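Colleague: The listed protein sequences derive, respectively, from chains A and B. Take the first sequence: its position 32, counting from 1, is numbered 32 in my numbering, and each next residue is one higher. Take the second sequence: its position 62, counting from 1, is numbered 1062 in my numbering, and each next residue is one higher.
There could be a bad hint or two in this list.
[Unchecked claim] Distance condition first, Cα-Cα at most 25 Å in a straight line; then the derived SDA-like pairs of lysine to any residue: (1) Lys100(A) with Glu1005(B); (2) Lys1056(B) with Arg1077(B); (3) Lys1042(B) with Arg110(A); (4) Lys1056(B) with Arg1093(B); (5) Lys100(A) with Glu52(A); (6) Lys1104(B) with Gln44(A); (7) Lys1002(B) with Gly1016(B); (8) Lys1111(B) with Asn1066(B); (9) Lys100(A) with Pro1014(B); (10) Lys1042(B) with Glu53(A); (11) Lys100(A) with Leu1046(B).
[Unchecked claim] Just so you have them, the derived chain A footprint on chain B, three or more residues with Cβ under 8 Å: (12) 1015-1024; (13) 1040-1054; (14) 1057-1063; (15) 1081-1093.
[Unchecked claim] Counterexamples of contact, computed for chain A against chain B with all Cβ distances above 10 Å: (16) Lys13; (17) Thr20; (18) Ser24; (19) Gly42; (20) Arg51; (21) Glu52; (22) Pro61; (23) Asn77; (24) Leu83; (25) Leu112; (26) Val113.
No lab work stands behind these hints: they were computed from the structure. From a predicted model like this one, the values you see are computed outputs, not experimental measurements. Even glycine gets a Cβ: it sits at the ideal position worked out from N, Cα and C.
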Amino acid sequence: ETGVTQSPTHLIKTRGQQVTLRCSSQSGHNTVSWYQQALGQGPQFIFQYYREEENGRGNFPPRFSGLQFPNYSSELNVNALELDDSALYLCASSPSGSPKETQYFGPGTRLLVL
Amino acid sequence: QKEVEQNSGPLSVPEGAIASLNCTYSDRGSQSFFWYRQYSGKSPELIMFIYSNGDKEDGRFTAQLNKASQYVSLLIRDSQPSDSATYLCAVNREGSQGNLIFGKGTKLSVKP
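Whole structure, please, built from the sequences with the hints as guidance.
Modeller: Set out below in structure tokens:
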């Protein structure tokens, strides 16, 4: 157990809908990163939040957005869902976002878009 | 060329053997390297990290890094059926704000 929690565990949505995924970071960690893992692929970096500010973004469209709260928990929002958004969404926390730090993953949210 | 490449496998080894997993990366600015294990339907869990050239050992696991050749490997000694999983290699670049670049993973199967 890493101490990183995510909710919900599973979600089914239809194309065009919007979804919000939630993540609580490990105690003492102020950085949260979000990744998308499609079936049979490695995780792909979506964005990272450090002390409530976006601190880097991968190659994802603007309909993927996020927030980080003062307690360092975080949300990932996806608008106008597409079939290809079906994936495991992983949240990872780290102490301060340094490239040398280990990122600890939560259990993930499995999203299915129909 | 993909940034982080791994043989997708499956790699099959008998119980008790050494499993060797390899990873190559394209960015010479990469500075930290991680191996994660992912069981089917679960999230990745950290096995080892390595920053400097050479070997790093932790129990049955040894990570090897060769920055000149741009490869990192993971050796698992005395492989057990419980080691059967997908192993993900991840790389972090200097100035990347900490985002990990993952390979597709190598599926390892340890046969009793």
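Colleague: For every hint, state whether the structure bears it out.
Modeller: Hint by hint, here is what the structure shows:
1. Lys100(A) with Glu1005(B): 20 Å, holds
2. Lys1056(B) with Arg1077(B): 13 Å, holds
3. Lys1042(B) with Arg110(A): Holds, at roughly 10 Å.
4. Lys1056(B) with Arg1093(B): Holds - the C-alpha atoms of Arg1093(B) and Lys1056(B) are around 20 Å apart, at most 25 Å.
5. Lys100(A) with Glu52(A): 21 Å, holds
6. Lys1104(B) with Gln44(A): 10 Å, holds
7. Lys1002(B) with Gly1016(B): The hint is violated at about 33 Å.
8. Lys1111(B) with Asn1066(B): Roughly 30 Å between the alpha carbons, so the hint for Lys1111(B) and Asn1066(B) is violated.
9. Lys100(A) with Pro1014(B): 34 Å, violated
10. Lys1042(B) with Glu53(A): Since the Cα atoms of Lys1042(B) and Glu53(A) sit roughly 29 Å apart, the hinted pair is violated (cutoff 25 Å).
11. Lys100(A) with Leu1046(B): This hinted pair holds, its Cα atoms lying about 14 Å apart.
12. 1015-1024: With 0 residues closer than 8 Å to chain A, the stretch 1015-1024 of chain B misses the three-residue bar; violated.
13. 1040-1054: With 7 residues closer than 8 Å to chain A, the stretch 1040-1054 of chain B meets the three-residue bar; holds.
14. 1057-1063: violated (count 0)
15. 1081-1093: The restraint on the stretch 1081-1093 of chain B holds, since 4 of its residues have a Cβ under 8 Å from chain A and three suffice.
16. Lys13: Since the minimum Cβ distance to chain B is about 20 Å, Lys13(A) lies beyond 10 Å and the statement holds.
17. Thr20: 19 Å, holds
18. Ser24: Nearest chain B Cβ is 14 Å from Ser24(A), so the label holds.
19. Gly42: Non-interface label on Gly42(A) violated, nearest chain B Cβ at 3 Å vs cutoff 10 Å.
20. Arg51: 12 Å, holds
21. Glu52: At about 15 Å from chain B, Glu52(A) clears the 10 Å cut-off, so the statement holds.
22. Pro61: For Pro61(A), whose nearest Cβ neighbour in chain B is about 17 Å away, the distance exceeds 10 Å, so it holds.
23. Asn77: 19 Å, holds
24. Leu83: The claim stands: Leu83(A) keeps its Cβ more than 10 Å from every Cβ of chain B (closest is about 21 Å).
25. Leu112: 14 Å, holds
26. Val113: It holds; Val113(A) is separated from chain B by about 19 Å at its closest Cβ, greater than 10 Å.
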